[in-house]
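Going down the list, the sequences are from chains P and C. Residues in the first sequence are numbered from 1 upward in steps of one, following our numbering. Residues in the second sequence are numbered from 1 upward in steps of one, following our numbering.
Hints listed in this document are in silico derivations from the structure and should not be mistaken for laboratory results. The C-beta atom is built at its ideal place from N, Cα and C for all residues, glycine as well. Among the hints, a few may not be true.
[To be verified] Facing chain P, according to a computed beta carbon distance under 10 Å, are these residues of chain C, among others:
| # | residue |
| --- | --- |
| 1 | HIS18 |
| 2 | GLU50 |
| 3 | VAL52 |
| 4 | GLY56 |
| 5 | ALA60 |
| 6 | THR73 |
| 7 | ASP85 |
| 8 | HIS86 |
| 9 | GLU109 |
[What the hints assert, rightly or not] Once the Cα atoms are required to be at most 20 Å apart in a straight line, the calculated SDA-like pairs of lysine to any residue come out as:
| # | chain 1 | residue 1 | chain 2 | residue 2 |
| --- | --- | --- | --- | --- |
| 10 | P | LYS357 | P | SER338 |
| 11 | P | LYS93 | C | PHE84 |
| 12 | P | LYS462 | P | THR363 |
| 13 | P | LYS462 | P | GLU358 |
| 14 | P | LYS93 | C | SER94 |
| 15 | P | LYS301 | C | SER94 |
| 16 | P | LYS462 | C | LYS28 |
| 17 | C | LYS28 | P | CYS442 |
| 18 | C | LYS28 | P | PRO493 |
| 19 | C | LYS28 | P | GLN410 |
| 20 | C | LYS28 | P | PHE400 |
So you can see what is in the structure, the chains are spelled out below.
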Amino acid sequence: MSFLHGINSPKDLKQIRRVDLPKVSKEIRSTIIEACSLNGGHLGASLGATDLIVALHYVFNMPQDKMIWDVGHQAYAHKALTGRKDRLNTLRKTNGLSGFPKRDESPYDTFGTAHASTGISAALGVKTAKSLKGKKDNVVVVVGDGGLTGGLSYEGLNQAGHLKDNLIVVLNDNGMSIAQNVGAITQFLTKRASSELYEKSRQELKNLLSVISEHGVPLLRPIEKIRKSLKSLFSSGIFFESLGFRYLGPFDGHDIETMVDVFENLKHDENRSPVLVHVITQKGKGYAPAENDPLASHGVKPFDIETGKSLPQKKAQAPSYTNVFAQALIKCAQEDQSIVGITAAMSSGTGIDLFQKEFPNRTFDVGIAEQHATVFAAGLATEGIKPACAIYSTFLQRAFDPIIHDVALQNLPVHFFLDRSGFVGDDGATHHGVFDVSYLRCIPNMVIMAPKDENELQHMVKTSFEQNQPTVVRYPRGNGVGVHMDETLKSLPI
Amino acid sequence: MVPPAIQAAKVLKEHGIHALVLNARFVKPLDEDMILKLCEAIPHLVTLEENVLMGGFGSAVLELFSQKSIQKTVHRMGIPDRFFDHATPNELLSMCNLHPEGIVKFVQEKLGKPFKKSSPVSLVSLPL
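Please build the complete structure, drawing on both the sequences and the hints.
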């Protein structure tokens with residue numbers, strides 16, 4: 001640990017030679033892997049973003065300049081570089097570091113995050129405040145392609161393009177949320193990133209430019225036009241450019257030198273429009289077991305560093321509530337063709353992945369978009385489809401208005417299943433599902449249930465689908481209490 | 001909250017307090033008849049939930065009593081009006097007294113010590 005040892009703030013990082021930065025990254029990765037092997041944590045995303053974070057802190061001057069991490073679970077390297085490297089092994093432990101950026105943990109944590117897609121809006125607020133105060137400090141927000149599956153991101157982009165302040169949005173594109181990202185935007189980005197044809201055309205245009213530029217300035221404007229239209233043919237850049245952003249990239253998010261160059265240029269260009277820097281990263285980068293299985297490396301339990309395998313857990317005496325829900329849902333769906341499953345990018349966390357194996361055509365992963373999931377379900381319900389919306393309690397908070405305005409007001413039978421109700425533990429304050437009874441009970445037409453054990457949960461799943469009105473079942477994280485499971489599901493009298 | 005309530009009831013019994021645990025599996029609609037019948041028969045009422053106290057299940061019971069003009073104290077157990085950081089679920093529950101020992105202690109404090117042997121209590125619990 002020759003480099004990281006001496007880095008107690010980003011100022012120390014700036015003393016290091018550029019060529020040595022990859023070594024710093026490597027040391028940070030080792031620290032992250034060690035911390036996660038002890039405590040579990042968001043390993044894959046943090047390893048993937050390490051090089052990007054090193055480049056950003058090398059160039060920008062935190063804490064005058066501000067950095068915001070959308071979702072925030074990728075920011076372990078940021079914690080390591082901002083005076084918290086020696087406490088990384090306390091991540092997610094009682095009284096230890098939070099697994100997410102947290103304002104009262106460090107002056108370098110500009111904004112608390114955890115629920116996806118808030119970063120751009122928050123960063124725009126910070127940037128606008130700086131402008132109001134006459135300050136020209138840079139504001140950078142790092143958002144993943146997963147974060148771009150949530151509509152709030154676009155609300156932020158929309159206003160940012162309108163305000164024209166020189167916000168820097170870094171799109172950290174690893175092709176994944178927790179699982180593989182789905183949806184049209186993702187395909188769009190992927191197409192952009194891998195388009196060989198575009199690369200070839202761009203190279204040819206560059207050659208052409210170098211020839212033409214010898215003939216003077218007047219020709220440059222039409223050439224610029226060609227460049228732009230070429231981009232529009234091949235790139236997702238046009239999407240961001242049409243929102244008023246300058247689009248740069250895609251760059252290799254593990255090539256620190258190039259990223260340092262790009263950020264240096266932006267740092268010194270005060271008069272520019274907002275810019276979107278597209279970097280391609282690999283989830284789990286630098287640690288073979290995580291690279292090979294990015295889904296499993298997303299949120300890990302304590303593991304053996306050599307093999308990447310989870311340490312043996314005490315064998316559960318009872319099935320998890322997630323699993324009991326999934327099995328009951330499958331049973332109900334076998335008898336009722338109108339039942340479909342909906343998840344907001346949490347198919348394995350909610351058990352919808354098991355349902356998907358049985359009913360791939362009746363499963364919808366809508367992206368990290370609970371608000372959309374709820375209105376989508378309401379639409380389905382108007383046609384007699386029975387949607388099972390499996391969403392964590394904490395994330396359903398994001399769909400409060402649709403629950404009232406689209407579901408309950410029209411008394412549509414949308415059925416919510418709230419995993420992780422109650423305290424969730426190590427993800428902390430942002431993730432505890434402790435508000436759902438309060439925010440749902442006040443809404444007319446809702447039926448709200450909570451099982452006392454896993455057997456009652458399976459009966460509540462059946463009971464839900466028999467109601468011709470919106471229903472909610474809340475159940476906790478973890479394993480059941482170990483009661484006998486009835487073979488046949490029954491309907492509970494309400 | 002039903003399993004810790006049952007455990008707490010066992011401990012209370014050793015202290016001479018008979019506690020009945022009701023599994024209130026429907027938060028809404030509330031089983032009003034059952035709760036009203038219960039409170040007629042049993043002098044003390046404690047509600048339990050792993051949800052914030054404000055607007056939660058205990059609040060629903062309070063609202064019911066208010067609506068029916070029932071003059072009775074509802075002792076509510078749940079999550080207080082503050083945010084809780086990361087810790088194990090068991091640690092968090094004990095911070096809120098939502099573990100068997102905490103429930104026993106809460107009942108002792110609310111009912112006053114020493115217990116009168118003839119003072120039964122009903123623990124109306126939101127299930128989990």
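Handout entry: Proposed proximity, SER338 of chain P with LYS357 of chain P (alpha carbon, max 20 Å)
Key = holds (17 Å)
Practice task
Classify the hint on ASP85 of chain C as holds or violated, based on whether any CB of chain P lies nearer than 10 Å to its CB.
Solution key: ASP85 of chain C check passes; min Cβ-Cβ to chain P is 5 Å, inside 10 Å.
Problem - Restraint satisfaction for VAL52 of chain C [CB to CB of chain P, less than 10 Å] - result: holds (5 Å)
Problem - Agreement of LYS301 of chain P and SER94 of chain C with the hint, judged by alpha carbon distance not exceeding 20 Å - result: violated (24 Å)
Problem - Restraint status (C-alpha distance of LYS462 of chain P to LYS28 of chain C at most 20 Å) - result: OK: LYS462 of chain P and LYS28 of chain C at ~17 Å, within 20 Å.
Practice task
Please work out if LYS28 of chain C and PHE400 of chain P have their alpha carbons no farther apart than 20 Å.
Solution key: holds (17 Å)
Exercise for the section: Grab the minimum C-beta distance from THR73 of chain C to chain P and call the hint holds if it beats 10 Å, violated otherwise. Expected result: With a closest approach of 21 Å, the THR73 of chain C hint is violated.
Handout entry: Interface restraint verdict for ALA60 of chain C against chain P (beta-carbon cut-off 10 Å)
Key = holds (6 Å)
Handout entry: Proposed proximity, SER94 of chain C with LYS93 of chain P (alpha carbon, max 20 Å)
Key = holds (16 Å)
Practice task
Quickly compare the C-alpha distance for LYS93 of chain P and PHE84 of chain C to 20 Å and report which way the hint goes.
Solution key: holds (13 Å)
Practice task
Sort out whether CYS442 of chain P lies within 20 Å of LYS28 of chain C, counting only the CA atoms.
Solution key: holds (10 Å)
Exercise for the section: Using 10 Å as the Cβ threshold, decide whether GLU109 of chain C counts as touching chain P. Expected result: violated (23 Å)
Checked against the numbered hints given earlier, this structure breaks hints 1, 6, 9 and 15; the rest are met.
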